Amino acid sequence: MSNAATMRRDAKRRAQRRSQLLYAGIAVGVVILAVLVAVLSTGERERAVSVEDIAGDPAISGDPLTTLPASGDDPAVGAAAPTVEGADFEGTPVAIGGTGSPELVMFMASWCPACQQELPEVVAWMEAGGVPEGVQLVSVATGLDASRPNWPPDAWFEEEGYTGRVLVDDADGSVAQAFGLSATPFWVALDADGQVVARIAGMLDITQMTALAEVAAASSG
Amino acid sequence: MIAVAERVFALLALVAIVVAIATALALARRRVPDWLRDDVALPLATAIAAVATGGSLLASEVAGYVPCVLCWYQRIAMYPLVIVLGVASARRDTEVWRTALPLSGIGAGIAAWHIAIERRPSLGAEVCDPVAPCALRWVEEFGFLTLPTMALIGFVAIAVLSLAARRSPMPAGREPNPPDTAGSLTDPTSTV
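Read top to bottom, the protein sequences are chains A and B.
Counting from 3, one number per residue, gives the positions in the first sequence under this note's numbering.
Counting from 572, one number per residue, gives the positions in the second sequence under this note's numbering.
The set of hints was computed from the structure by calculation and includes no laboratory data.
Just so you know, these numbers come straight off a predicted model, no measurement behind them.
Think of the CB as a built atom: it goes at the ideal place given N, C-alpha and C, for glycine as much as any other residue.
Careful, some of the hints might be misleading.
Only part of the chain A face toward chain B is listed, based on derived beta-carbon distances under 10 Å [what the hints assert, rightly or not]:
1. Y25
2. V51
3. C114
4. P115
5. C117
6. P151
7. T186
8. T209
The shape of chain A in the complex, shown without the other chains (with noise of 0.2 Å):
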């Protein structure tokens, strides 16, 4: 009876790792299949554009912004914003600060779905003339990065149909540092004398764009 039991044991044993021997192998078999799959559907990913390729090399002068803190009051309004003087991805020059005229800076990373969520309101904003009369909008192409998502940056204000001016930073996000961005997108108002109205961190509706275009312009008196 001992010995029956024993062998009736051992048979189960045996069953069982031939039972767990098969599970593993089935699930080695998903891992080896996966990974060939995944190596015969996989192209190589064109990354062609690197950022060198893509940024700027802008000229900053006087001094940068402090961080606009994450709350509170902004030290930064009233400063002289600092002054810049860059180009667009075809070399066009274009220059932030110094222009005379009230200025609304927009900085936006293309990876950066927050700016990919804003960038059409604001096409639709400037199709719809939101853009205050005398206020010059420009934006700063940040983050340059080639290994995040939605790559490259020039390519993606063309397909949104962006027709504004674009500054582009350099690599190192020497504007953005300048301007104290903390977060994007990032917006800067700038009265005709270049100093700093407002920032803001964050998304904006198309009546934000409209009232803070028209706070630098009522700066600018």
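Got chain A; can you put chain B on it based on the hints?
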């Protein structure tokens, strides 16, 4: 190389979806097969947790995808599951669901919120942190499998598998089997 690894993890996530749905159906019908309950559920849940952990480490340490705050919260829920489920699998601890379910449930909730922010950044802070924005989709395979989506699939699969590994309640008057009889010298079911 990274692209291949991302595709492999995405394919395994698809397999995990099938596993999770099949197991959930078996649970709903109260017909969990013995082979699934006794031999497969816990080792498979352990494997899913291990693959998810390996994938997240590969993403941050090899691919250079900086984890955001929500990624870290999901890691806090996923990483211990490798140990918890691994030990339970070795010991055939069918009660591990009491630990695995809260961990995977919390992780699944955070992953679901992360997915929502990815799809609609305006639900979150409406800004992108320059270093580690939560709304950034580092990976997007087959149009929907982002990193938190794969994490959510992993958490759900682990939850249902740990539930499937439970012992069914015994009819009145019968004692449940002991947790592990493998390797013991006596057969507790024999009546010598």
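These are the hints, each one checked on the structure:
{"no.": "1", "hint": "Y25", "verdict": "holds (6 Å)"}
{"no.": "2", "hint": "V51", "verdict": "violated (17 Å)"}
{"no.": "3", "hint": "C114", "verdict": "holds (4 Å)"}
{"no.": "4", "hint": "P115", "verdict": "holds (4 Å)"}
{"no.": "5", "hint": "C117", "verdict": "holds (7 Å)"}
{"no.": "6", "hint": "P151", "verdict": "holds (6 Å)"}
{"no.": "7", "hint": "T186", "verdict": "holds (5 Å)"}
{"no.": "8", "hint": "T209", "verdict": "violated (15 Å)"}
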